[in-house]
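Chains A and B, in that order, are what the protein sequence lines are. Going by the numbering used here, the first sequence runs without a break in its numbering and finishes at 1814. Going by the numbering used here, the second sequence runs without a break in its numbering and finishes at 355.
Derived from the structure by calculation, the hints contain no laboratory data. Check before you lean on any hint, since a few could be wrong.
[Claimed, not checked] Here are some chain A residues pointing at chain B (derived, C-beta under 7 angstroms):
| no. | residue |
| --- | --- |
| 1 | 1531 |
| 2 | 1623 |
| 3 | 1668 |
[Claimed, not checked] Below are the SDA-like pairs computed for lysine to any residue, each with C-alpha atoms no more than 25 angstroms apart in a straight line:
| no. | chain 1 | residue 1 | chain 2 | residue 2 |
| --- | --- | --- | --- | --- |
| 4 | A | 1727 | B | 142 |
| 5 | A | 1642 | B | 14 |
| 6 | A | 1626 | B | 289 |
| 7 | B | 226 | A | 1738 |
Where is the CB? At the ideal position from N, CA and C, for every residue including glycine.
As a plain string of letters, each chain reads:
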Amino acid sequence: MPKTILEVINLKKHFTHRKGLFSSFRENQQSIPAVDGVSFYLKENETVGLVGESGCGKTTVGRTVLRLEKPTSGKVIFDGKDITSLPADELTLLRGQMQMIFQNLDAALNPKMRIRNILSEAITVHHKIGGAEVDRRISDLLEQVSLKKSKLSNFPHELSGGEKRRVGLARVLSVGAKFIVADEPTSALDVSIQAQVVNLLQDLQKRLGLSYLFISHDLRVVELISHKVAVMYLGKIVEIGLSGRIANKAMHPYTHILWSSLVEKQNIETPQKAKSVQAGRWGVFDFERPTSGCRFAPRCPVYESKGKPAPCTDPATEPQLKDIGGAHQVACHFPL
Amino acid sequence: MTTVPILKIEDLRTYFYSRSKQALIRSVDGVSLEIMKGETLGVVGESGSGKSITALSVLGLIGAGPGVISGKIELKSNRIQKNLLEDLEDFVKLTTRDGKIMEVSKDVVGWERKAERVMDKVRGKEIAMTFQNPGSSLNPFMPVGKQITEAIRLHTSMKTEPEAKERALTWLDRVKIDSPRLRFDHYPYGLSGGMCQRIMIAMALASEPSLLIADEPTTGLDATIQSKIVDLLGELKSELGITTMLISHDISIISRLSDSVAVMYGGTVFEYGPARHLLSEGEEAKHPYTSALLASIPSAQNIREKGYLQAIEGDVLDTINIPEGCRFYSRCSRVTERIREKCIHHEPDLREIGSGHKVRCWLYFD
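This is chain B alone, in the form it adopts within the complex:
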């Protein structure tokens, strides 16, 4: 692992305008992350915490519709060094009245044209993504082998059909699809969820991207298949040294594969640092949300020692009416009198409290 970041996200904000509520839904609200070359960054959080939207923003897939993105996404691969969001803000106008956003107007055509020009060279080639629902993300009318071949011909220097087919077969083999030649001509509906996930991984990696974004690679799969997909990702990582951004709500999967971890809540990063600091059992300084999340997992240890699960009271944050202070305040069990005032009225920033370990919580400041 080197210390060269391949992707640097700075203060990313992705908002959606809801016409019926006349408000902005702040799905991603100031996220800064760095992914080093060869590293696996795990992004963990509950639904609605903005994990997937962060990934979609990186790939420029938010473009259409009322999405507004600001911030910086810097890609530094061998071939491209560029801020992917450059000049995009010019295409959006916000009309405000009494501090309330009344309207968002967006030059969709201009935005798309500009974004597509940039993303065309990036998407699939530099950054590839596997999506949450493997069954519906593959083309149902095309044999899976052909879909991989298509990706190879489009994104790599192999332009001829037979050459690309050979390559696709080696990839099918590499993701442990048995009898690849037979499966090459199968359609997605004939394959199980786990196999579709493997096909997606093969397709994403076949174009040899600098960065792989895996969005919930194990969700919706049975336990036996889950562990196989996790093993596969682990093997691919050690064999090929791929850089991965792994998104999941399942901490056990994140902890198996990640080098560093970002815990997200309500559109912001609450804690960020090396995985062994964040997810270890020890009593290290941790964000109250991270510790609560760890305690609520039904792991063997939690079952044996306690016989019940430690729940986090309350509900996931509503990203329209974001509170003034800390976003976790209403659910936090570790507020002390010393910091209560600050928690209610001031949002903490993400500060470094140990080597590479950043926390957004007043507990650990001054």
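Only chain A is shown next, with the shape it has when bound in the complex:
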């Protein structure tokens, strides 16, 4: 039984939006619940995928579990240790074990440093070792991410997207990370390069026993790489389960719509007639939050077809994640 490396309990992160310079005096602050009560756990050598549309709070979850953001409430337990309110100096010691791959490749690598310096800096921050040892580790790392040695003297702007990704990965591995939050690691890459990176991530997991929290809006990649998938909608997890089940036997209407909306390459001789039959009913997509009850209700086809049942919009009965067997949880009053 692999041990649990990360446990997140009822995590909340609310950002405050100030209106004007003196807003703090006038109590004119607006709270934006980017993450509003998220719970999940991640076992060693496992990948949990986090999917959802842009703005649903995926990245904020990733940043908060690493304590890059301070959670508003809730608990984050990393490797048996509660890190929710750990002081900065103790957190630094843990940083070597938990790392993040950032979404924006160009912003994540210092443009004025050569690749060799980027990597050696990361190594020496966490380990007190000398020059020859650093060089040896760097060449090990390059081998692990299959990057050419000649690239070491280059600057980040001289590398292609896939190579920058590899450097980012090498840097994360250089500090000996066990748990990695990968935030959209393939979003800016071409399909052929995307495949290389996905394969590399899987390969490293097998060899080094890494655990990933894989954040992406690309459903197919998530399905491929994850053992479990959590679907987020407006700051909450609406469904979580094994990736095969989420993709093929979704219980929450939102998950179902997400996956069926994938534009699948199809046989041209027999064009499938529009999958998104209810496309018209979906209308405009916006993040105007319903004030009470299920957040998804305004877009929900089930809510509509059942004649707008009361529990869906009643604030007292907002749907909670319920176990439905097979490590599958769904937050819906009327699962499919």
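Following the hints, put chain B in place on chain A, whose structure we already have.
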């Protein structure tokens, strides 16, 4: 669908001169394509393959700066029959030394004046384009409805404001913006990415062009919105019979909408033909790059059957140092001993191997 080409591109070359590298970046390097009336031509390829530059060249938007274009772009619409690149080469001078290009001098003013005179009647009226980034391609200081009205008054016979406004509203309705009257007065920042894309499509089509160029219409949108934009383009195609050049790096979108497909790599067309030949799952003769591209898509089938993605090793082609032989040679997994010599030293040409199906690969020749 008829067999009359509306746009015929012949041997289009668009080069940029990089002063710091003292070299030409050959973004588009000999592209020939034809778009028939009523047809959707899908152009697919990785970043840097020259898809967008081809489109920009067609619209004459490369003019400013160090861009050099040669070749033929023949527009054959009802109103205009003309080679859009006529006489433009006279304005550019290349200075070479030891086979290396030392300098490119361009009479920018002359080029612009000549190009603008031709393109003025074409751009927006005959060929309209929707751009990759809908959010930043709309004017942020103008309500979206007004932007469409402006395009209508400029390009069609409707010159009065109220008349054009009515027309704009019907177009907003046609691209399925709900409550068009309300949205008419909204500014782009208040609309989502998907809605901005719809506004762009409405604006492009409102002037009733003979050809629509859609550059990456779904990039950067969420999956749910993507499928809606694809549905919309499909509906507009069957309702209005518009001729479209669809540019995307996403094969699934290309295969949903296109009648014929051109696969681009490193500035050239690698494979060109009917979509059902190129993108079908069957073991038909295909360019190694096309098959590799198809295998690397994370589709449901690839996930279920293999559990991993087939990656193409290596990187996208560097368009400055173009190899002597086949541009794909260093990444190709299907080189055989029979053709290896040719692959290294001779670039294959685009040859027809089946009805309307052309391939640039030594595998299928002789």
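Against the structure, the hints:
1. 1531: 4 angstroms, holds
2. 1623: 14 angstroms, violated
3. 1668: 4 angstroms, holds
4. A:1727 to B:142: 51 angstroms, violated
5. A:1642 to B:14: 22 angstroms, holds
6. A:1626 to B:289: 33 angstroms, violated
7. B:226 to A:1738: 23 angstroms, holds
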